Amino acid sequence: MNQQRLLDEILPRVTKPGRYIGGEWNAVRKDWNNTPVKFALAFPDIYDIGMGHLGYKILYYILNQREDTLAERVYAPWTDMEARMRECELPLFSLETRHGLADFDLVGFTLQYELSYTGILNMLDLGGIPVLAAERSLRDPFVVGGGPGVFNPEPLAAFFDLFVIGDGEEAIHDLVDLYLNWKRNGSSRETLLLQAAAIPGVYVPRFYQVKYDETGVIQTVTPTRSGIPPRVQKRVVQDLDSAIYPMSLVVPYIEVVHDRIMLEVMRGCTRGCRFCQAGMIYRPVRERRRETLLKHAEALVKSTGYEEISLASLSTSDYGDIQGLIQGLLAKYGDCGVALSLPSLRLDSFSVDLADEIQTQRRTGLTFAPEAGTQRLRDVINKNVTEEDLLSAATAAFKAGWDSLKLYFMIGLPTETLADVAGIAQLTRNVLRLGREIRGLERKAGRVKISVSVGCFVPKSYTPFQWVAQAAIEELEEKQRYLRGLLSDRAISFSWTDAEKSLLEAVIARGDRRLGKVLYRAWQAGSRLDGWSEHFSFSLWQEAFAAENLDPYFYSHRERNKGEVLPWDHIDAGVSKQYLLEEWAKALAGEVTQDCRYDGCSGCGLCPTFGVKNLLVGGGHPSEA
Amino acid sequence: MRLRARFLKEDAVRFISHLDLARTIERAVRRAGLPIAYSQGFSPRPKMAFGSALAVGVTSSAEYIDMEFADEIVVEDCLSLMNQNLPTGIRFKEAVEIGPELPTLMSVIDRASYILTGNLGQNQDLGLKVQRILESEVIWVERPGKKQTRQIDIRPWIFSLEVLKEGAGVGSAALLVQTGSRGNVRPEEVAVHLSWDITRIRIHRSGLFIARGSRLLSPLDVAHC
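Protein chains in written order, with my numbering: chain A, 19 to 643; chain B, 153 to 377.
In short, the hints are calculated from the structure, not lab data.
Since this is a predicted model, take the numbers as computed values, not measurements.
One or more of the hints may lead you astray.
[Unchecked claim] A short, non-exhaustive set of chain A residues, derived as facing chain B with CB atoms under 10 angstroms:
1. Leu29
2. Gly40
3. Cys106
4. Tyr230
5. His314
6. Glu325
7. Val356
8. Gln377
[Unchecked claim] 30 angstroms max Cα-Cα, derived BS3-like pairs, lysine-lysine:
9. A:Lys417 x A:Lys467
10. B:Lys199 x A:Lys320
11. A:Lys595 x A:Lys519
12. A:Lys34 x B:Lys299
13. A:Lys417 x A:Lys350
14. A:Lys48 x B:Lys245
15. A:Lys535 x A:Lys580
16. A:Lys350 x A:Lys320
17. A:Lys34 x B:Lys199
18. A:Lys424 x A:Lys320
19. B:Lys298 x A:Lys350
20. A:Lys313 x B:Lys199
21. A:Lys34 x B:Lys298
22. B:Lys245 x A:Lys320
23. A:Lys48 x A:Lys313
24. B:Lys281 x A:Lys467
25. A:Lys350 x B:Lys199
[Claimed, not checked] With beta-carbon atoms standing in for the labels, derived distance ranges:
26. A:Asp98 x B:Pro187: 41 to 51 angstroms
27. A:Glu273 x B:His376: 33 to 43 angstroms
28. A:Tyr500 x B:Thr256: 37 to 47 angstroms
29. A:Gln22 x B:Ser347: 22 to 32 angstroms
30. B:Arg334 x A:Arg508: 41 to 51 angstroms
31. A:Ala349 x B:Ser366: 50 to 60 angstroms
32. A:Cys354 x B:Val208: 45 to 55 angstroms
33. A:Ser557 x B:Ser347: 39 to 49 angstroms
Using N, Cα and C, we set each Cβ at its ideal position, and we do this for glycine too.
Kindly produce the complete structure, drawing on both the sequences and the hints.
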């Protein structure tokens, strides 16, 4: 049976068939036979999640701008669709031209979340590509990884041909150029990989050998060929302002996350929160100019018809020209049904004023992230906000008419005690009391609602906490129970993340190559879409660890020696180990580090080593303007 | 000014829901740069209203929409601008200007016609099954309600059913039923009574009407009255 007839049979029987149909506005369909390079952008989660990913919007546009290249999208099927596809032997296909994954030359996966990794294995298998890189032949595509997960790619080393470390805008061209050249000369896979390893930012795991000592700690990681760099430096697009940005976006039919125009106002964050990997790996801060952003917005509103523009970045209230940008956008779109939104709010009344100005978020409530319940612990993690900051932000929000606020915290942070956990409840109750007082003036005290969302801390590579032991499951669950007791109140809703999931995330985030076998086994036993609670099975993972004779706590719960070779040491994120060690020492001493955007260099080492610098559009602190 | 248009929902988009379709058209209107009017209030919505929602998987050559514009526009321009900005599978076919007082599509549409097509499977006699339905005095169907499943007799709402084609294992039938708030028949309910596996047949909506005595008027016809 042909593919169309199969889909006609299958799609009426699966949930949300709109995930699999393609044909959306701005989807790019090129002439398959006459385009030399075919690049699949595969996302290891379902369409509804993957369509919200900004990185792929950028790469899709860049690749399709090239005449010699086509880029198509591939997402993981939901389990009902997968079952039908396997039943009918229908290979995983791209949405644009419905070619099987194995028909592409290059297959990219973005590594956004550790619990999506078995999904990658599953997609390769469903697409008819050998799951193990070593088993691929000349017929098979090259499997390429990118995204934040490459700052410890080791658990995936066996499945990927190469990884691109850092910003992809320029590196992707280098890779496609190399591929074209290689294809013309018709040489072996290894030839391409050797040449790829010479591209700055490209890491080819098979050319490195890892040696372990008898306790399982890494002794050495060494290149096995001459010319292979001992450390791979991340790519940095220094001039983000003139870097290419998509002038059109695929507009989905069905509802997806972040279904709006994402205007990337800047990349990087220098606040230096010690738990935050994104804050370390995306340095330096590079802001786009207002005129550039207004141009992007104009093109995107025109080409997509979207009704909302989101000002995207790690910390949008820090953007140097935020007021100018918002005024510019409101002046242009305020009257034609296009709303603005801010995804991340800094904890101060300035940010609340911004949110009030653009108004659209009143529907959903405002989110603040104090992260920890006491000043002591906030100093440890370098979250440079005080209780007064939170209370003044909350005051501003209640006065401006918001009834509900969402607060985000973590438990299991280094040095945390029960007093810090109790601090979360205390802070929440202070905010609630404030809300009732202020909203009470309008007789709306009864409407005040505080949602408290508490995640489990997961130590990540390239952060000052990369050496620390994650709290044990029992301890995390005990603290969750304790908090639940303290927060029982009709006006407070409390949610928390699964400690077992957080453990697995921590294991993979700081794992080594030996974990590849565990991933493989867990996938074969049925693990996929593990980010979805209905599919996550911890016992299945426990069995996989046991079968491979590996202890998950070795990875999650063991404090590393300062001198230990870490599995990701040969990947260079720019921030120096010396800086991270100093930050860890300062954390233990409760000392804070200032933001290098405002207060001078904090010595992370990135700028001098990479020859880059922060690119700021404004002058000083925007709230002082 | 107000405009009423007929459009198609073809194969390429048959798996998107009514809400998805509405959003897609809204965004096409914005891309087209048409001066759609917005509702007042905290979150302004474009003033657009549809006829009767189409089930996921069903194609149609008779979808209707009313749109209100803040400025005067030329009907032909609107059609061509919309079609330049709509994805494959949604096509605006015709439109007329309507008066501000004309009742909404939703409040007047009360008839829908469908064409059902599919493999008959073994030993099926479509003609006989159609006959049996027409001869029945009651046809009970189950509808899941908020609290419990309700039994409903849909026979009074089936106005015509005839075999269009039968042979070589494939058949098709045309169906005219009541639709709207005063009684509604889903085409798949009739298909089940024809012993058709509803995941294997294709359903196409061929018309939406307003019954005036024994005549059926299209929503564009009533715009002229």
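Evaluation of the provided hints:
1. Leu29: Cβ of A:Leu29 sits 6 angstroms from chain B, so the hint holds.
2. Gly40: 9 angstroms, holds
3. Cys106: 14 angstroms, violated
4. Tyr230: Since the shortest Cβ distance to chain B is 51 angstroms, the answer is violated.
5. His314: 16 angstroms, violated
6. Glu325: Status holds, d = 7 angstroms.
7. Val356: 8 angstroms, holds
8. Gln377: 8 angstroms, holds
9. A:Lys417 x A:Lys467: Within the cut-off at roughly 15 angstroms; holds.
10. B:Lys199 x A:Lys320: With Cα atoms ~20 angstroms apart, B:Lys199 and A:Lys320 stay inside 30 angstroms; holds.
11. A:Lys595 x A:Lys519: 28 angstroms, holds
12. A:Lys34 x B:Lys299: Between A:Lys34 and B:Lys299 the Cα gap is close to 25 angstroms, so the pair holds against 30 angstroms.
13. A:Lys417 x A:Lys350: Roughly 28 angstroms separates the two Cα atoms, so the pair holds.
14. A:Lys48 x B:Lys245: 28 angstroms, holds
15. A:Lys535 x A:Lys580: 27 angstroms, holds
16. A:Lys350 x A:Lys320: 13 angstroms, holds
17. A:Lys34 x B:Lys199: 27 angstroms, holds
18. A:Lys424 x A:Lys320: 34 angstroms, violated
19. B:Lys298 x A:Lys350: 45 angstroms, violated
20. A:Lys313 x B:Lys199: Distance ~28 angstroms between A:Lys313 and B:Lys199 Cα, so the pair holds.
21. A:Lys34 x B:Lys298: 22 angstroms, holds
22. B:Lys245 x A:Lys320: 24 angstroms, holds
23. A:Lys48 x A:Lys313: Within the cut-off at roughly 27 angstroms; holds.
24. B:Lys281 x A:Lys467: 58 angstroms, violated
25. A:Lys350 x B:Lys199: Holds. A:Lys350 to B:Lys199 sits at ~21 angstroms (cutoff 30 angstroms).
26. A:Asp98 x B:Pro187: 41 to 51 angstroms: For B:Pro187 against A:Asp98, whose Cβ atoms are near 43 angstroms apart, the range 41 to 51 angstroms holds.
27. A:Glu273 x B:His376: 33 to 43 angstroms: The hinted range 33 to 43 angstroms holds for A:Glu273 and B:His376, with Cβ atoms some 38 angstroms apart.
28. A:Tyr500 x B:Thr256: 37 to 47 angstroms: Once the Cβ atoms are compared, 56 angstroms apart, the range 37 to 47 angstroms for B:Thr256 and A:Tyr500 is violated.
29. A:Gln22 x B:Ser347: 22 to 32 angstroms: Given about 26 angstroms between the Cβ atoms, the range holds.
30. B:Arg334 x A:Arg508: 41 to 51 angstroms: Hint holds: Cβ distance 43 angstroms, inside 41 to 51 angstroms.
31. A:Ala349 x B:Ser366: 50 to 60 angstroms: With a Cβ separation near 58 angstroms, A:Ala349 and B:Ser366 satisfy 50 to 60 angstroms, so the hint holds.
32. A:Cys354 x B:Val208: 45 to 55 angstroms: 31 angstroms, violated
33. A:Ser557 x B:Ser347: 39 to 49 angstroms: 45 angstroms, holds
Consistency note: the structure conflicts with the earlier hints numbered 3, 4, 5, 18, 19, 24, 28 and 32.
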